[in-house]
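Asker: The lines below spell out each chain.
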Amino acid sequence: MAPVPAGAAGDPSTRRADERLSAVGPLRRLLVKPELGALVGAVAVFTFFAVQSEVFRSARGIANWLDPASTLGIMAVAVALLMIGGHFDLSAGVMTGTTALTVAIVAVEFEQNIWVAIGVSLVVALLLGFFNGWLVTRTGLPSFIITLGTFLMLQGLNLGLTKLLTGTVTATGLASVPGYASAEWVFASRMTILGAEVRVAVLWWVLFTAVASWVLLRTRFGNWVFATGGDEVAARNVGVPARRTAIALFMTTSTAAWFVGTTLAVRLTSVQANTGTGQELIYIVAAVIGGCLLTGGFGSAIGASLGALIFGMTQLGIPYLRWDADWFYFFLGAMLLLAVLANRLVRRYAEAARR
Amino acid sequence: MTIPDAGEPLLELRDVGKDYGSVIALDGISTTVRAGEVTCVLGDNGAGKSTLIKILSGVHRADRGRLLLDGRPADFGSPREALDAGIATVYQDLAMIPLMAIWRNFFLGAEPTRGWGPFRRFDAARAKDVTRRELSAMGIDIRDPDQPVGTLSGGERQSVAIARAVHFGARVLILDEPTSALGVKQAGVVLRYVAQARDRGVGVVLITHNPHHAYPVGDRFLVLNRGRSLGEFAKADVSRDELTRLMAGGAELDQLAHELERPST
Ligand SMILES: Nc1ncnc2c1ncn2[C@@H]1O[C@H](COP(=O)(O)OP(=O)(O)OP(=O)(O)O)[C@@H](O)[C@H]1O
Ligand SMILES: [Mg+2]
Numbered sequence: 002m003a004p005v006p007a008g009a010a011g012d013p014s015t016r017r018a019d020e021r022l023s024a025v026g027p028l029r030r031l032l033v034k035p036e037l038g039a040l041v042g043a044v045a046v047f048t049f050f051a052v053q054s055e056v057f058r059s060a061r062g063i064a065n066w067l068d069p070a071s072t073l074g075i076m077a078v079a080v081a082l083l084m085i086g087g088h089f090d091l092s093a094g095v096m097t098g099t100t101a102l103t104v105a106i107v108a109v110e111f112e113q114n115i116w117v118a119i120g121v122s123l124v125v126a127l128l129l130g131f132f133n134g135w136l137v138t139r140t141g142l143p144s145f146i147i148t149l150g151t152f153l154m155l156q157g158l159n160l161g162l163t164k165l166l167t168g169t170v171t172a173t174g175l176a177s178v179p180g181y182a183s184a185e186w187v188f189a190s191r192m193t194i195l196g197a198e199v200r201v202a203v204l205w206w207v208l209f210t211a212v213a214s215w216v217l218l219r220t221r222f223g224n225w226v227f228a229t230g231g232d233e234v235a236a237r238n239v240g241v242p243a244r245r246t247a248i249a250l251f252m253t254t255s256t257a258a259w260f261v262g263t264t265l266a267v268r269l270t271s272v273q274a275n276t277g278t279g280q281e282l283i284y285i286v287a288a289v290i291g292g293c294l295l296t297g298g299f300g301s302a303i304g305a306s307l308g309a310l311i312f313g314m315t316q317l318g319i320p321y322l323r324w325d326a327d328w329f330y331f332f333l334g335a336m337l338l339l340a341v342l343a344n345r346l347v348r349r350y351a352e353a354a355r356r
Numbered sequence: 006m007t008i009p010d011a012g013e014p015l016l017e018l019r020d021v022g023k024d025y026g027s028v029i030a031l032d033g034i035s036t037t038v039r040a041g042e043v044t045c046v047l048g049d050n051g052a053g054k055s056t057l058i059k060i061l062s063g064v065h066r067a068d069r070g071r072l073l074l075d076g077r078p079a080d081f082g083s084p085r086e087a088l089d090a091g092i093a094t095v096y097q098d099l100a101m102i103p104l105m106a107i108w109r110n111f112f113l114g115a116e117p118t119r120g121w122g123p124f125r126r127f128d129a130a131r132a133k134d135v136t137r138r139e140l141s142a143m144g145i146d147i148r149d150p151d152q153p154v155g156t157l158s159g160g161e162r163q164s165v166a167i168a169r170a171v172h173f174g175a176r177v178l179i180l181d182e183p184t185s186a187l188g189v190k191q192a193g194v195v196l197r198y199v200a201q202a203r204d205r206g207v208g209v210v211l212i213t214h215n216p217h218h219a220y221p222v223g224d225r226f227l228v229l230n231r232g233r234s235l236g237e238f239a240k241a242d243v244s245r246d247e248l249t250r251l252m253a254g255g256a257e258l259d260q261l262a263h264e265l266e267r268p269s270t
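Chains as they are written, first to last, in the working numbering: chain A, 2 to 356; chain B, 6 to 270.
Just so you know, the hints here were simulated from the structure itself, not pulled from any lab data. Where hints are given, some of them may not hold.
What the hints assert, rightly or not - Distance ranges between label pairs, derived from CB positions:
1. B/G236 x A/L153: 40 to 48 Å
2. B/R125 x A/F331: 40 to 48 Å
3. B/S27 x A/G141: 16 to 24 Å
If you're wondering where the values come from, they're calculated on a predicted model, not measured in any experiment. All C-beta atoms, glycine included, are put in the ideal place defined by N, C-alpha and C.
So that you can see chain B by itself, here it is in the shape it has in the complex:
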């Protein structure tokens, strides 16, 4: 299973591992994120997918292995450093502040300012304008950008987080189960966004449990199981059915299908 060099490696992980206390959450993971490619990370609950992307986005430091940015060793001490390198992330828990207005959340940590010196201030008009524009481009009609995020529905909140990452993810866009709370229409929009970002030359890392979402848009598939890699597959080397079987743990799925069949009386 050789993977063709489709583009520049933006981010590279080499033999990365991470422990939480005595729990080995990840071990020996290697993968690359290339410009204009979508890397899908697949695996069961607790497989270590979120841990992997948290290393890429600067939330956690890897305990073992190396992280390369543009071929040079990188060490993100904080999410800010990753963001400054053009890596934006939609976290599984969305990383939004429920009591804050939508537009404040949208630009949190990257607030546009105007004015000079001590009179430099948050450009609220621009922030509201951009927020409204980016969200309506996703097909989300927010009633009022001043609404606290906590009053949005789960899917609306997810859309705000995705719109934010797409807006700020200049080079790498990381999405941790971005479509889990979305309806068919919004999930489709998100996948289009992923494809658009890819076509703009952004490297995308997509985590999803849905092979129907992963397969059409993915270029390569990294399958994790209990913190270890089951392999990285190029699209040409794996079919959707094989992928589905891998994700669900292979033979276990056949067993399940068997169990769920109606007993023929």
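With the rest of the complex left out, here is chain A:
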């Protein structure tokens, strides 16, 4: 007969509280929270600048540094989702330029209502995101190299088409287009909170972070994102539609780029053809500071937002202290290194496989 021992199966009376439970104390649990490092970092950076600069901690100062954090934050959250899903999008930065230019050119050169232009821009963004995702999932090539290709192509297109259609390297004249007032209200209005003027993008950023975090942690799709980034083959073997998940993530990133691009276009009413170029690395830096692993499968939307916040605070805090702006990049690089080192520890702990 088979060596089947007695009383092994689920007899509730044999269940006891596991005596090893104390090994996973609250501290270790906290340590595997991806956004913890970014939270500590944000508090430290805030304290550092707030202690030394009165402007920095005033309501007006806060509104000032929230502004760059907001548009960056929207992108960083989308890029974080994509990174958790195991991919990069190097074309995300230049895509904010593509979408902004599309809004301006369709509205001004083709004399359309701005909402039509914004709609066209959204379609362009969705197609670009789909193209990235489809190519990456179809070929199995690293997304790094595929999106580097689309990045360069878009950079060329942005310049080439803008020159071709406007004769210059700037698309202008958006303020006098029909529908501008309502578009301005949605994308670029300001409100007064505690005596400081806050741009509406800050609200969008908070909303976007909340929704992304909810989707990531509380929905099926969120579960699939973690799984696709953690181990794509394993995920597919248990029935996760890994390809569709990846494509949806690329489209989320391009949609965020559309939102930010539209915000830029409506705010400035004119768009430079090189808008957004170079920003893609900043998004990735913010996501990594926020606890995303470069290898995928781990990270947080709130963390990426905190990363963007650190970025915004540093960017404006340094001039407030009357330091040379060059220190900004040094600071950011140091934050990045610290974050990567911290993430490495987390991964070691979480993946300490004992085969």
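Start from chain A and add chain B with the ligands according to the hints.
Answerer: Just chain B with the ligands, lined up with the frame of chain A:
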């Protein structure tokens, strides 16, 4: 060697073959999985056992031959399609995501939801509850369902994967070396699960290297060697010793026993 019809054929393979590039991993394999029966697949390392079950579970498509589900030709394009047909698999590499919590892994790809429309969400409370219940029924006391799977021991991880497949395998349960990392007690529990599933009318495919596990629970034995079938035997037609010899390549085992004997000085 005639095999009696013990039940409905749920899954049937006819002359199935599969190549990886120039490697012929499987060729000319025919077998049936019947409701309420345990089919054991035996063979050396690299014999093609995992490849066979990956065809059954929709991971690979067969390059040759046919797969029948309930007597009708089936073509699983993805594991999802096989799962939807009630075929659940414990893969040899377990198919778990190390950085994800146990309960998230347990329901991965089949998450229970609540709420409606855009507010439909992953029912985490239920998922944690079921995970804890299913695992303790296997005699595994997980410390914390929020623990990442990567921090579990190999045997604990295997138990989670098995509990998951048993939970979702409504019609066919496929287990690829499910007991390799398990202690005596947990291996016994797994074999009981196999027997219980069989008694519920589930068709089970069990891959194991251990004839002491295979023989008591198996109804038929498919022996593979280098991608080909050495035959399919009903339990009545083969003894445990014969099976052990077949698995180990017959005469080679006698040779080994001879070599391992202490030299009599
Ligand atoms: N993805 C793959 N690509 C190429 N060759 C493969 C692949 N998977 C398996 N093989 C080859 O196919 C053959 C059969 O492999 P398979 O994994 O089915 O063996 P197995 O019987 O499960 O072995 P084990 O007992 O070690 O698990 C082996 O020679 C293996 O090298
Ligand atoms: Mg195998």
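Asker: Each hint: holds or not?
Answerer: Checked hints:
no. : hint                        : result
1   : B/G236 x A/L153: 40 to 48 Å : violated, 60 Å
2   : B/R125 x A/F331: 40 to 48 Å : holds, 46 Å
3   : B/S27 x A/G141: 16 to 24 Å  : holds, 20 Å
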